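> Chain B: place on chain A using the hints.
Each chain, letter by letter, is given below.
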Amino acid sequence: MSDVTDSGYNLRLYVAGQTPKSVAAIANLKKICETHLPGRYNITIIDLMKDPALAQRDQIVAIPTLIRHLPEPLKRIIGDLSNAEKVLVGLDIAPS
Amino acid sequence: MKADVRPAELPTIAKAPTGIQGLDEITYGGLPKGRPTLLCGAAGCGKTLFAMSFLYNGAVEYNEPGVLIAFEEQAGDLIKNVGSLNYDVQKLIDQKKLFIDHVHIERNEIEESGAYDLEGLFIRLGFAIDSIGAKRVVVDTIETLFGGLSDIAVLRAELRRLFEWLKEKGVTAIITGERGDGALTRHGLEEYVSDCVILLDNRVSDQLATRRLRIVKYRGSAHGTNEYPFIIDEEGITVMPVTSAGLAHDASTERVSSGIPDLDVMLEGKGFYRGSSTLISGMAGSGKSTTGAHFADSVCARGERCIYFAMEESPQQIIRNMHAVGLDLQRWVDKGLLRFSARRPSLYGLETHLASMHREVELFEPSSVVIDPLSALLGTGLVGDVHSMVLRLVDFLKSRAVTALFTNLTHGKMENATTEIHISSLMDTWLLLYNRESNGEHNRELYLLKARGIAHSNQVREFLITRDGIKLRDVYVGPEGVLTGSARMQQEAREKASELLRQQEGERRKRELDRKRREIATQIEMLQAQLAGETAEANLLGQESDAREERLTADRADLTANRGSYRTHNKKKGSNQ
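Sequence lines, in order, name chains A and B.
For our numbering, count along the first sequence from 1 and bump the result up by 16.
For our numbering, count along the second sequence from 1 and bump the result up by 22.
This is chain A alone, in the form it adopts within the complex:
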């Protein structure tokens, strides 16, 4: 995980155990961030199996769910993030 900067992306990825989808999502997210947001992102991975109460607090229905807390506004992307283009649209990142 990188340092958080003012202009950085604060991302949370919600998974449920080590399922193939979770593993794929983590890998895909890291790849996208490294490619498009080098040094400007911060990823927190939350395993709901370990902390189920967070599912209600953060309104998680689908797994995996990626939430962009910063910059505002809050953005949600669900799925294993295999479609990088959609992830970029969802995170409001102009492809470079």
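Check each hint, because a few of them may be wrong.
What follows is a set of in silico ranges between Cβ atoms, one per label pair, in the way DEER data are often shown [said to hold, decoys possible]:
#	chain 1	residue 1	chain 2	residue 2	range
1	B	Asp203	A	Gly24	31 to 37 Å
2	A	Ala110	B	Glu128	20 to 26 Å
3	B	Arg208	A	Pro89	38 to 44 Å
4	A	Ser98	B	Ala36	28 to 34 Å
5	A	Gly55	B	Asp203	50 to 56 Å
6	A	Arg73	B	Ser172	48 to 54 Å
7	B	Gly66	A	Arg73	28 to 34 Å
8	A	Ala69	B	Gln112	17 to 23 Å
9	B	Trp187	A	Gly24	48 to 54 Å
10	B	Lys113	A	Ala69	38 to 44 Å
11	A	Gly55	B	Lys102	47 to 53 Å
12	A	Pro89	B	Lys102	27 to 33 Å
13	B	Lys239	A	Thr35	35 to 41 Å
14	B	Gln112	A	Gln34	55 to 61 Å
The calculated lysine-lysine pairs, modelled on DSSO-like cross-linking and capped at a C-alpha distance of 30 Å, are [to be verified]:
#	chain 1	residue 1	chain 2	residue 2
15	B	Lys357	B	Lys493
16	B	Lys55	B	Lys189
17	B	Lys55	B	Lys102
18	B	Lys357	B	Lys55
19	B	Lys518	B	Lys472
20	B	Lys191	A	Lys66
21	A	Lys66	B	Lys493
22	A	Lys46	A	Lys91
23	A	Lys66	B	Lys102
For the record, the hints were derived by calculation from the structure and aren't laboratory data.
Please read all numbers here as calculations on a predicted model, not as lab measurements.
No residue lacks a Cβ here, since even glycine has one placed at the ideal position from N, Cα and C.
Then chain B, alone, in the frame of chain A:
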């Protein structure tokens, strides 16, 4: 429950009572325990309230904590909404008997990228269930997911998994679903939830909405199959099963007074059967309410409780009016024996009337009720509905052995003995009050059309409302026909007059006879006096002649003696004379 009669070793479906009045009766115990039930209906049918009642009653009455997964309403809104039903949801949440989780899902806030599943929902649900040890779950309305997520195939698979998972968890669940065109639910939830399906409906006819409930299927259990009206009010949900009372009510042989001594006389001198239903039909002003008030008065006078459902008059008005006929109803109200329940028929729909009557009867536990008039309810629903409502009401009252007196306002000619609601067949006793016009006046008449199980009088009686209450008089039946009112009085006066005349005539003739007899007696006396006179005369004459004879004899003897010397000559002379 009915299942009690089965041998214990036969497996039967365990049931979770909903605590919703009436629903547990038509399902014979409640929803299938540990299984999901589908509750479907169009928007505004009361699905959410139904589900909430299930949870609330479970937590409060059956010690079964519950979880609500709400897709459509925020927890705060929900708490407020059901607060109108006197459900203190917040307290239950604080006591960890209820857990509400609002699942917010908005399509335009979500980007989809790649494969996903709904494990998050499972985790939330699982967490909620485990945190309070829930036995009941409501998912309201899961079809919202179809609007929020685009991968229908995943959704369907996950829903199937969810329902299986709920079964494994052993929670009794209600899944609500929006009604679709031609299908029970818009997204075919009935495919997944097939143990029990309940359909709610809210139909409007004649500008009056009626909520109805039907159990579409209930696998492994008997259930009522009809559409049952239900109402939602501040006391919660009440389903009105017509079959719950059925025709199995006990028939009491005890008799109660009708409140009118003269009417009791017509009913073998004892009055109605306890727990029977009596209908009083009549035109406006024929004395229906007064009869009802007499009945209520007699009930309270025995120290029993009575509810007077007034549809057309206010309680004060009734009390005042009944003072005029010598009934003091106020004292019974003060003693807590008589309760007036006044309501305009148009105030609510039919079901609400019925349910609130049910409730009042259950709370007040009267031995008798008066419903005045039943016909006022006609305007609040279709004839068929009114009929079935009255049927349910009669069944309900009978099952509680409440003696009921219904009044029914009829129009036009009373001779055609029908009621607009066709309820006469439900009634045990039917009194007709006529209002007949003759000779420029209206007179009230009462006729006992039927009285089941009572050898009742077949006579039409004149019905008089006096300062001392209702009196029944025998009508005049004679060569002049059936007469009532002034005509009867005139006839009676006429009869009295002619009676007097006859009496006087008789006396006159008697006197005449007396006089004649006396006359004759006098005559007889006179004649006898005459006779006596004659007799005396005759005696006198006899005596005179005797005396004369004697004297003659004596004279002759003297002569003979004188003529002793001249015997021969004298003898000759004597023989010549």
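> Kindly indicate which numbered hints from before are broken by the structure, ordering the numbers from low to high.
1, 3, 4, 6, 9, 10, 14, 18, 19, 21, 23
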